[in-house]
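**Student:** Model the full assembly from the supplied sequences, consistent with the hints where possible.
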Amino acid sequence: MAQHEEHTTHSQAFYLFIGFALLVLTATTVGAAFINLGAFNPVVALLIATIKATLVVLFFMHVKGASEKLTGAVVVSGFFFLAILLSLSLADYLTRSGPMWR
Amino acid sequence: MEPEAHGPELVHQFSDVQQQKNAASLGMWLFLVTEIMFFGGMFCAYLIYRLEYFNAFAAGSQQLSIKMGAINTAVLIISSVTVVLAVKAAEAGKRKLLVGYLVVTVLLGLTFLVVKGFEYREKFEKHHVPGSTFSFTDKFDDNGKQYSVNSKEAELFFSLYFVMTGMHALHMIIGCGLFTVLAILAWKGHYTPAYFTPLENSGLYWHLVDIIWIYLFPLLYLISRHS
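From first to last, the protein sequence lines stand for chains B and Z. Heads up: the first sequence begins at 1 in our numbering, then just goes up one per residue. Heads up: the second sequence begins at 103 in our numbering, then just goes up one per residue.
Hints may contain errors.
Okay, derived cross-link-like pairs now, DSBU-like style, lysine-lysine, Cα gap no bigger than 35 angstroms in a straight line [to be verified]:
| id | chain 1 | residue 1 | chain 2 | residue 2 |
| --- | --- | --- | --- | --- |
| 1 | Z | Lys196 | B | Lys64 |
| 2 | Z | Lys247 | Z | Lys169 |
| 3 | Z | Lys290 | B | Lys64 |
| 4 | Z | Lys190 | B | Lys64 |
| 5 | Z | Lys190 | Z | Lys169 |
| 6 | B | Lys69 | Z | Lys198 |
| 7 | B | Lys69 | Z | Lys196 |
| 8 | B | Lys64 | Z | Lys218 |
| 9 | Z | Lys225 | Z | Lys254 |
It should be emphasised that the hints constitute simulated quantities derived from the structure, not laboratory data. Please read these numbers as outputs of a predicted model, since none were measured by experiment.
**Tutor:** Given below as structure tokens:
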């Protein structure tokens, strides 16, 4: 099986840059929490967290550039089933009339 | 490829080195998916109770220390950087640099746990640990308006806080043990540019634990902090 040799790692400067970006995003999320955005406070917090998680998955965990596409499919399936768990649970609880437990 | 190679870098059931690496990485990711679902159940419980008992969750969250949470987030991010640099050092065959990065990673992991320990101590002192001694008299401060909070609902927030951060801390303890073993084996020269799969897979585990904290921090510490 002739395959090209996998180059999973990036340069040290690139890793330090991603790490720096993650720290800046952490500071951003703390700052954003103190601004009154109404219903959008948790949305912004989760959006920033998801950007950070995506950076870690793509560049630290080397999903971007992996030679095996199956790895990417498994990663996506993990978050896909998590989305099913959360969305279908909420589809139930949020559509109940009155307080959730009655 | 070498059919006769008999080292850990190519065991006999794989046809080439790249196939073996892909298989190891895929197996690790399957395990990480089970971890996502394991923590996912707790995140789901958190989400539903937060929607129903928002005031209690906000009041509970306002009792947590943003400073300590943010410091721990930074510590974990830096540790993730040292992990990728360790893998890079292994790939380049720089043994001493590799051991150095692994040791720094363990020290950062222990720093996280010590800070977490101080936070837990504060919870015990304030009687914010769920159980018979639990007491919660703080109010939810929303733009200067004070809302009193049902202490049973606040206890639920702290139950989720301890379960989620506790399971995360357990993963950190396991990670620190894992990386200590890796550092010893790396020092003995077990890892070469041809074979460092355990380092890569342990790195994947460490990053996932980092990602879980990236979500725990805003969800637990940053509820309704604006005024």
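**Student:** With a cut-off of 35 angstroms on the C-alpha distance, tell me whether B/Lys69 and Z/Lys198 pass.
**Tutor:** Answer holds: B/Lys69 to Z/Lys198 is near 34 angstroms, not above 35 angstroms.
**Student:** Against the 35 angstroms threshold, does the CA-CA distance of Z/Lys247 and Z/Lys169 hold or violate the hint?
**Tutor:** With Cα atoms ~24 angstroms apart, Z/Lys247 and Z/Lys169 stay inside 35 angstroms; holds.
**Student:** Is Z/Lys290 within 35 angstroms of B/Lys64, Cα to Cα?
**Tutor:** holds (32 angstroms)
**Student:** Decide if the proposed pair is consistent with the structure: Z/Lys225 and Z/Lys254, CA atoms, cutoff 35 angstroms inclusive.
**Tutor:** holds (16 angstroms)
**Student:** Given the hint that B/Lys64 pairs with Z/Lys218, test it: the Cα-Cα distance must not exceed 35 angstroms.
**Tutor:** holds (33 angstroms)
**Student:** Would you mind confirming whether the straight-line C-alpha gap from Z/Lys190 to Z/Lys169 stays at or under 35 angstroms?
**Tutor:** The hint holds at about 32 angstroms.
**Student:** Does Z/Lys196 sit within 35 angstroms of B/Lys69, going by the straight-line distance between their CA atoms?
**Tutor:** holds (30 angstroms)
**Student:** Between Z/Lys190 and B/Lys64, is the straight-line Cα distance small enough, at 35 angstroms or below?
**Tutor:** Holds. Z/Lys190 to B/Lys64 sits at ~16 angstroms (cutoff 35 angstroms).
**Student:** Could you grab the alpha-carbon distance between Z/Lys196 and B/Lys64 and see if it respects the 35 angstroms cut-off?
**Tutor:** Holds, because 25 angstroms separates the two Cα atoms, which is no more than 35 angstroms.
Of the hints listed earlier, there is not a single one the structure fails to meet.
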